[in-house]
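In order, the protein sequence lines correspond to chains A and B. Here the first sequence stands for residues 1 to 418, numbered as in full-length UniProt numbering. Here the second sequence stands for residues 1 to 88, numbered as in full-length UniProt numbering.
Please keep in mind that the hints were generated in silico from the structure rather than gathered at the bench. Don't take every hint at face value.
Unchecked claim - Where chain A lies over chain B, by a calculated footprint (3+ residues, C-beta under 8 Å):
no., region
1, 1 to 14
2, 22 to 33
3, 46 to 55
4, 67 to 75
For each residue, glycine too, the CB sits at the ideal point set by N, CA and C.
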Amino acid sequence: MSSRYSVFSLIANAFSGQKGWTPAWRDAAPRPDYDVLVIGGGGHGLATAYYLAKVHGIRNVAVLEKGTIGSGNAGRNTTIIRSNYLLPGNQPFYEWSMKLWEGLEQDLNYNAMVSQRGVLNLFHSDAQRDAFARRGNSMRLSGADSELIDRDQVRALAPFLNFDHARFPIQGGLLQKRGGTARHDAVVWGYARAADRLGVDIVQNCEVTGFIRENGAVVGVETTRGPVRARKIGLAVAGSTSRLTRLLDLRLPIESHVLTAFVSEGLKPVVPGVVTFGMGHFYVSQSDKGGLVFGGDIDGYNSYAQRGNLPVVEDVCEAAMALMPQLGRLRVLRSWAGLMDMSMDGSPIIDRTPIPGLYLNCGWNYGGFKATPASGWCFAWTLAQDAPHALNAAYRLDRSRTGHMIDEKGVGAQPNLH
Amino acid sequence: MRIPCPYCGLRDAHEFSYLGDAAPQRPDPAAPDAADAFHDYVYLRDNPAGPMRELWYHGAGCRRWLVVDRDTRTHAILGTAFATEARS
Ligand SMILES: Cc1cc2nc3c(=O)[nH]c(=O)nc-3n(C[C@H](O)[C@H](O)[C@H](O)COP(=O)(O)OP(=O)(O)OC[C@H]3O[C@@H](n4cnc5c(N)ncnc54)[C@H](O)[C@@H]3O)c2cc1C
Ligand SMILES: [Zn+2]
Chain A
1 MSSRYSVFSL IANAFSGQKG WTPAWRDAAP RPDYDVLVIG GGGHGLATAY YLAKVHGIRN
61 VAVLEKGTIG SGNAGRNTTI IRSNYLLPGN QPFYEWSMKL WEGLEQDLNY NAMVSQRGVL
121 NLFHSDAQRD AFARRGNSMR LSGADSELID RDQVRALAPF LNFDHARFPI QGGLLQKRGG
181 TARHDAVVWG YARAADRLGV DIVQNCEVTG FIRENGAVVG VETTRGPVRA RKIGLAVAGS
241 TSRLTRLLDL RLPIESHVLT AFVSEGLKPV VPGVVTFGMG HFYVSQSDKG GLVFGGDIDG
301 YNSYAQRGNL PVVEDVCEAA MALMPQLGRL RVLRSWAGLM DMSMDGSPII DRTPIPGLYL
361 NCGWNYGGFK ATPASGWCFA WTLAQDAPHA LNAAYRLDRS RTGHMIDEKG VGAQPNLH
Chain B
1 MRIPCPYCGL RDAHEFSYLG DAAPQRPDPA APDAADAFHD YVYLRDNPAG PMRELWYHGA
61 GCRRWLVVDR DTRTHAILGT AFATEARS
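Working from the sequences, and respecting the hints, build out all of it.
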């Protein structure tokens with residue numbers, strides 16, 4: 001087992017040639033039987049295993065990951081964390097996530113580089129100001145922080161923005177100071193290490209290829225490393241969810257789409273927090289290495305390619321130039337894409353399924369990184385208690401049937417518009 | 001990604017808008033199972049990883065609806081046809 005990290009272990013290793021470090025988690029081989037199996041070693045799967053062990057005392061748990069942990073969206077996202085939702089089904093959940101972020105590093109004994117540098121959503125019209133004022137009030141009702149700031153206050157925070165754009169002048173913004181960024185890989189590694197320390201098996205290069213069924217229930221999975229059985233099985237495979245549920249004839253309100261992100265060459269500190277454009281889909285922050293990390297819309301068509309197309313590159317760069325024209329002087333170093341599980345109302349699902357033994361965590365759209373702690377916490381609860389927690393009670397699989405949609409954007413059952 | 005429109009020829013995907021899977025067919029509202037059938041039609045998707053027939057609208061071209069056969073793993077276009085013909 002890896003030892004506890006502390007200033008003393010740092011100093012001791014500094015004086016012993018850094019030879020005293022042990023692997024942060026065991027490279028476990030799958031055992032034939034577990035209490036709970038979590039499929040998918042992204043942030044959500046690993047957090048689920050950690051909270052199962054930590055909060056519910058269920059330690060006979062394995063996480064099965066087809067590649068290496070964090071090789072999916074967990075390692076591809078733009079790392080923004082925030083709790084600035086409008087609807088009652090969403091906001092308390094995301095605020096709980098923010099609270100877990102605030103204590104995460106002490107809890108995991110791992111530096112996840114959680115940085116509450118602020119998230120600023122700009123508005124450009126009177127109607128948008130009203131909508132943001134309402135959203136800010138909704139945030140406060142859930143106990144989150146929010147401030148509606150005017151143009152001069154925005155200028156003090158981010159003087160580099162294009163305030164007098166002819167069509168979209170900046171009127172102000174909704175600021176959440178507790179929002180910010182976290183280091184995505186470190187979140188994955190931190191949860192993996194902490195779960196491993198509690199006895200969870202983290203099994204990499206182990207792809208689930210089928211389900212073992214008995215009397216209608218799911219009692220195990222077939223994998224590339226042999227069959228593994230468990231009393232309960234939780235899916236946390238994000239954009240790959242439909243590929244697995246297809247094997248069970250379970251059709252879902254989910255489409256898989258592609259989202260691209262970009263990083264520029266490194267600069268001295270210029271962007272203080274996260275800034276989002278209100279009149280086009282564009283958002284930007286600056287990594288601790290200095291690169292500007294930015295992105296925009298999904299491409300808009302179903303895709304499992306983890307690779308986007310040029311029209312979106314053009315769209316994102318146009319929006320970037322409208323908001324922050326000096327970006328045109330920068331070289332973009334890289335762009336990459338991930339596999340998004342877009343849902344019919346833009347909100348996630350954390351629930352039991354009609355199939356006994358099978359539990360579902362999916363529908364994260366392009367916003368599931370910030371949800372990682374609360375998603376794992378609530379999915380662990382649902383798995384352990386066989387019932388949702390109040391925080392994920394609205395994230396039901398059957399909500400499209402009962403009409404209880406959670407449509408933040410109000411665009412209806414069209415996944416590529418959320 | 002470029003889409004060969006049967007009317008306009010090979011055109012950049014930027015000229016098209018995407019609706020989604022072409023398979024769901026509007027159910028009969030008078031059928032006894034209409035409520036269930038409409039739910040499935042509006043909300044549930046096969047979401048295949050592989051070839052998929054889907055509806056695209058050529059808004060910046062001939063303004064016709066197309067059914068495009070496309071592999072969602074590679075974005076390779078396997079065939080296109082006017083929706084009026086492909087779906088009738
Ligand atoms: C470009 C981009 C930018 C984003 N920006 C943000 C952001 O700023 N803020 C935010 O909150 N969210 C953001 N997101 C969304 C966020 O990354 C995802 O919603 C979230 O990571 C999904 O949960 P996860 O970490 O568990 O998923 P993943 O990391 O995708 O985990 C799923 C895992 O399941 C594994 N798997 C799949 N099939 C199988 C199988 N058959 N057997 C075993 N394992 C399998 C995969 O290999 C993968 O590791 C962004 C996403 C992308 C792509
Ligand atoms: Zn055409």
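Exercise. Mind checking, does the region 67 to 75 of chain B have 3 or more residues with a CB under 8 Å from chain A?
Worked result: This one holds; 5 residues, not fewer than the three required, reach chain A with a Cβ under 8 Å.
Exercise. Okay, the region 22 to 33 of chain B and chain A, do three or more residues pass the C-beta test at under 8 Å?
Worked result: Our answer is that it is violated, as 0 residues pass the Cβ test (under 8 Å) against chain A, missing three.
Exercise. Do at least three Cβ atoms from the region 1 to 14 of chain B come closer than 8 Å to Cβ atoms of chain A?
Worked result: holds (count 4)
Exercise. Do three or more residues of the region 46 to 55 of chain B come closer than 8 Å to chain A, measuring C-beta to C-beta?
Worked result: holds (count 6)
Violated hint: 2 only; the structure is consistent with all others.
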